[in-house]
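Go ahead and model the full structure; you've got the sequences and the hints to work with.
There are 2 protein chains.
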Amino acid sequence: MIKSPTAPTLKIIPLGGLHEIGKNTCVFEYGEEIILLDAGLAFPSDGMHGVNIVLPDMTYLRENKHRIKGMIVTHGHEDHIGGIPYHLKQFEIPVIYGPRLAMALLAGKLEEAGVANRTELRTVLPRDIVRIGKHFVVEYIRNTHSIADSFTVAIHTPVGVLIHTGDFKIDHTPVDGEFFDLQKLAEYGEKGVLCLISDSTNAEVPGFTPSERSVYPNLDRVFGQATGRILVTTFASSVHRLQIVLELAKKHNRYVAVVGRSMLNVIAHSRNLGYIKCEDNIFQPLKAVRNMPDDKLIILTTGSQGEPMSAMTRIANCEHQEIRIKKGDTVVFSANPIPGNTIAVVNTIDKLMILGANVIYGRDKGIHVSGHGCQEDHKLMIAMTKPKFFLPVHGEHRMLVQHAKTAQSMGIPPQNMVIIDNGDVVELTQNSISVGGKVPSGIELVDGSRAGVVKASVLKERQQLAEEGVVTVAVALNWEGKLSVKPEIHLKGVVTSLERSQLQKSITQTIETILSDRWSEFAKPSETKIDVDWVGIQTQLERGIQRLLRREIQSNPLLVFLMQNPGEESVVTTPKVVITTPEPEPAVKVTGRRRPRTVTKVAS
Amino acid sequence: MIKSPTAPTLKIIPLGGLHEIGKNTCVFEYGEEIILLDAGLAFPSDGMHGVNIVLPDMTYLRENKHRIKGMIVTHGHEDHIGGIPYHLKQFEIPVIYGPRLAMALLAGKLEEAGVANRTELRTVLPRDIVRIGKHFVVEYIRNTHSIADSFTVAIHTPVGVLIHTGDFKIDHTPVDGEFFDLQKLAEYGEKGVLCLISDSTNAEVPGFTPSERSVYPNLDRVFGQATGRILVTTFASSVHRLQIVLELAKKHNRYVAVVGRSMLNVIAHSRNLGYIKCEDNIFQPLKAVRNMPDDKLIILTTGSQGEPMSAMTRIANCEHQEIRIKKGDTVVFSANPIPGNTIAVVNTIDKLMILGANVIYGRDKGIHVSGHGCQEDHKLMIAMTKPKFFLPVHGEHRMLVQHAKTAQSMGIPPQNMVIIDNGDVVELTQNSISVGGKVPSGIELVDGSRAGVVKASVLKERQQLAEEGVVTVAVALNWEGKLSVKPEIHLKGVVTSLERSQLQKSITQTIETILSDRWSEFAKPSETKIDVDWVGIQTQLERGIQRLLRREIQSNPLLVFLMQNPGEESVVTTPKVVITTPEPEPAVKVTGRRRPRTVTKVAS
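Taken in order, these protein sequences are the chains called E and X.
Under our numbering, the first residue of the first sequence carries the number 1, and numbering increases by one thereafter.
Under our numbering, the first residue of the second sequence carries the number 605, and numbering increases by one thereafter.
None of these hints come from the bench; they were simulated from the model.
Treat each hint with caution, since some may be false.
Distance condition first, Cα-Cα at most 25 Å in a straight line; then the derived DSS-like pairs of lysine-lysine [claimed, not checked]:
id: 1; chain 1: E; residue 1: K326; chain 2: E; residue 2: K351
id: 2; chain 1: X; residue 1: K931; chain 2: E; residue 2: K327
id: 3; chain 1: X; residue 1: K1009; chain 2: E; residue 2: K351
id: 4; chain 1: E; residue 1: K326; chain 2: X; residue 2: K881
id: 5; chain 1: E; residue 1: K327; chain 2: X; residue 2: K1042
id: 6; chain 1: E; residue 1: K438; chain 2: X; residue 2: K1042
id: 7; chain 1: X; residue 1: K669; chain 2: E; residue 2: K351
id: 8; chain 1: E; residue 1: K438; chain 2: X; residue 2: K1009
Calculated Cβ distances over 10 Å to all of chain E for the following chain X residues [as the list claims (entries may be wrong)]:
id: 9; residue: H623
id: 10; residue: G878
id: 11; residue: K881
id: 12; residue: K992
id: 13; residue: E1071
None of the values given here were measured: they were computed from a predicted structure.
C-beta atoms are modelled at their ideal positions from N, C-alpha and C, and glycine is treated no differently.
Below is the structure:
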């Protein structure tokens, strides 16, 4: 496409959510103004040792924080709002607009993080129109998704109208009776949409995603067949699923005990706002249900993904304080495992079965449906909005590619769409779409201890520690270049068939050999005393020990080498031991079982 | 069932393969005689840091090695023969009978491990009958599976005939023309089978597993549509799949370059034995194909599971020495990801797509079928053999349960089957099946360095190191209970917002406080000198530092504490630092992100 250099240009810069499922975070920029759409978090993948939460690199927004006019939130899922409390510690956002349920959940998070004063939350209703800054006007269009109160948005900009779908499926029989506002969507399609930015999660799956309502008869049958207690696990945020379970509880004359902090939180806010409707007395505290008959009881719990600390996982491991599985229990997994969680989930199922539960799980049971549309939903979205340009988002690379193919099959020409990655700067004019640059787009890893960000160098150390352990060697030298005491050695996480005494002997020999061979290079007699290059000799000794370890125990543990010299007021030399990496990495790369060959070196 | 105490009893003791897919290892015992059926390995799961290979705990066989009369091998997959080289280092096996391909692959492994002299390998042909010891006679019955030359076996014992299916599906159009010997199976069914021991891998899947042959037309279409190079990845041991690719190479006039040591090995042995038939000149070394036209080339490679060091993964990471992906390449994943590998596989696919390849993958393409039978295959197996007793094996718990349900649906009563775990001793008489005890059945983890076995304590250390890192603190005390130098601190893999100098200051203060408060408890003046309980004071200091670290950096890194006292010839106290675990664990338990709260203690 030809782009006039003077044409007004809108920039779309996703900082998260592209080439991944998670941490959806998008920047819209016109002139000096920036608005944001959602700011989610992701969970750590294999190899991110000790990491709790993954956030996008926010360098670009930190550097442009004075330009931020506000944020639009589409719905209350963690991968859309979970990052906001962390970002607000780095910059203020003047105002955040969002649906009532999302804002209620977000308010709690901001309170907890102590950043509630760093922004203003404003709730919106369907078809509400808000102006942000001088250049942006946003209309909220009700859509259907697995969480209640979810929206597609129309963003009016100086170059034209963009439709950002948010997360969606097209559900004609929504559990809460809140239909997808297809009329409003069609109206935009009729008036003209410059660009459709659309959820690609299920782009590889043919057909329509079934309605959430389709789960009802299948759960109904399962509940009807259960003779003892029923335990149900699903995503805490699946408001409609929770509503179905509560309706079925009433139908089958069972009380419901809810287990898991996040689920209690979602239910409380959803009831408060009318997205979950049920009688008060259906809920019973866990302690109260102990004496109830088993066939009068449903336990609704978190842990559908086999998360290690969740209620269902603790129940399966017989580690839950209140709940013990017994013969006659029916356990229902009303959720599919997300890739990466499969093994944790099936292990949990197996343990529950071994404890005597009848576990209902699996894709063929009709007890779970996705909250994201498939290829036919995608086609309907494109058909309704008739966009000139198309930008697939919210998906891994192959999903974006497949979504683009779907759009092409409906007549959108390939030059009118781009497949992008996080950090790509999409430049949109009335006549063109193109990628015009790149902003920092790595990841920031929040440590399990929440003490800070896990840097790439720390992750490398952890990877090496995890795979090969650590060896600590402490020595003391005298002015003659001899060991004044014998070396002390500690092994942690190291596998070796050698005895410690044997290893100590080998290390002592290695040190003595290096000292006798090379001491004279590093110790020069000066006028009044011997001038020793302690750093130099320490480096030599460290290398020698590392070579020895590789040879003797066939591995490359991390080495902490402590050397005391007689000229010091310390048990070890003053230079700090630092990790030097072969090449400094700007973004964090994590691979499963890669064995980093980092070696410790001494720098002055 | 009622069991006469004097009735002759056969014991079946699986040491691996139950409640898991992997390391299939089964013991059959009658009187003093033991025979083995297969001895496989498994691959490490999440949390088994630095582990390469998982083996069954062989305590039972080590203790009973003089009773071992021989081994039966059913086929050449790693999860059936991969453990043998390791076990032969611990005990001899007088003779191993197995199919020609399995024995060829095994011979190479034994040679490499230097244990070829610890057993005798004897090859068998279909319907071969071998006698092992006084009590066992085994007939080999050809079956169909994803590797060629695979067998079901009939084991004649004093209590009756057992059929062990090995791994199987029922493929009526096998690629190599070697049909399942249903006639022999039926003959045993007619004569009477006491117990069927059957593969449960796909017990949860309804229907029949499609024939391997069904892959042919789908791969044919993919190959026909490719205009550039074709890269195909599948399991190295899928002999029939390799044959199909070679046939299609000929049909589409392409040469084949094979990449990956294991695949080259399997192809060489399979061609040698006639299980792969093709012309010599179809193969070209990788270096020779550089100058060939792209549309004349197939690259056949390992890495279908996204294994980090495999050829396909290195190609996707642009780290392969010879092969660079270019636009126009077609990459075919002729394998489904095994649970646990999904993310590695889809990441590899995405990277290949980003590099410009057209990647063909996914369950709906018909380019992969399982080597294991589904529910209808299982029914046919039960119908042919008409067993009195039924023992589902080779599967996770829920698969065993489902397989038992399938058997029940065909009239085998529940009391005639047992669902067991590794180590369970199944006691079989002419009239009963029951579980009569348990032998050690944990796991042994072979370290990545191959230097030895990873003990549970080492794995715990590695887990803690991975999640929270290690802090080394070195101090020296004098006879007055004062620090003679300031403490030295090293952090590795630790996340903290504190400056090192600040942490050093806090640790110094902590140590000084403890020394001034409690020195007098541990230092008693005796006649000639002060008698100091150095171990006691070291323990106090260590606990104090650990408390400080938890408080200051909100985590629990592993602490290596080195204390020098003036009475010693060493920089640190002589007692070894050992890890004490809250309770000694007989078997290794590994969980994903559990945070062990192990603390280091000093023992004298």
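Here's how the hints hold up against the structure:
1. Note on K326 of chain E and K351 of chain E: the hinted pairing holds, with a Cα-Cα distance of about 12 Å set against a maximum of 25 Å.
2. Pair hint K931 of chain X plus K327 of chain E does not hold up; C-alpha atoms about 58 Å apart against a cutoff of 25 Å.
3. Our distance criterion of 25 Å between C-alpha atoms is met by K1009 of chain X and K351 of chain E, whose separation comes to about 18 Å.
4. For the hint pairing K326 of chain E with K881 of chain X, the CA-to-CA distance comes to about 56 Å; that exceeds 25 Å, so the pair is violated.
5. Only pairs whose Cα atoms come within 25 Å are accepted, and K327 of chain E paired with K1042 of chain X is accepted, the gap being roughly 23 Å.
6. For the suggested pair K438 of chain E and K1042 of chain X, the alpha carbons sit about 62 Å apart, so the restraint of at most 25 Å is broken.
7. At roughly 33 Å between alpha-carbon atoms, K669 of chain X and K351 of chain E are farther apart than 25 Å, so this suggested pair is violated.
8. For the suggested pair K438 of chain E and K1009 of chain X, the alpha carbons sit about 57 Å apart, so the restraint of at most 25 Å is broken.
9. For H623 of chain X, the shortest C-beta to C-beta distance to chain E comes to about 7 Å, within the 10 Å cut-off, and the non-interface label is violated.
10. With a least beta-carbon separation of about 37 Å from chain E, G878 of chain X lies farther than 10 Å from that chain, consistent with its non-interface assignment.
11. Annotated as non-interface, K881 of chain X keeps its C-beta farther than 10 Å from every C-beta of chain E; the closest such distance is 36 Å.
12. At the 10 Å boundary, the C-beta of K992 of chain X stays outside the reach of chain E, the nearest C-beta of that chain being 26 Å off.
13. Chain E draws E1071 of chain X into its interface by the beta-carbon criterion, the shortest separation being 4 Å against a cut-off of 10 Å.
The structure fails hints 2, 4, 6, 7, 8, 9, 13 (numbered hints given earlier, in ascending order).
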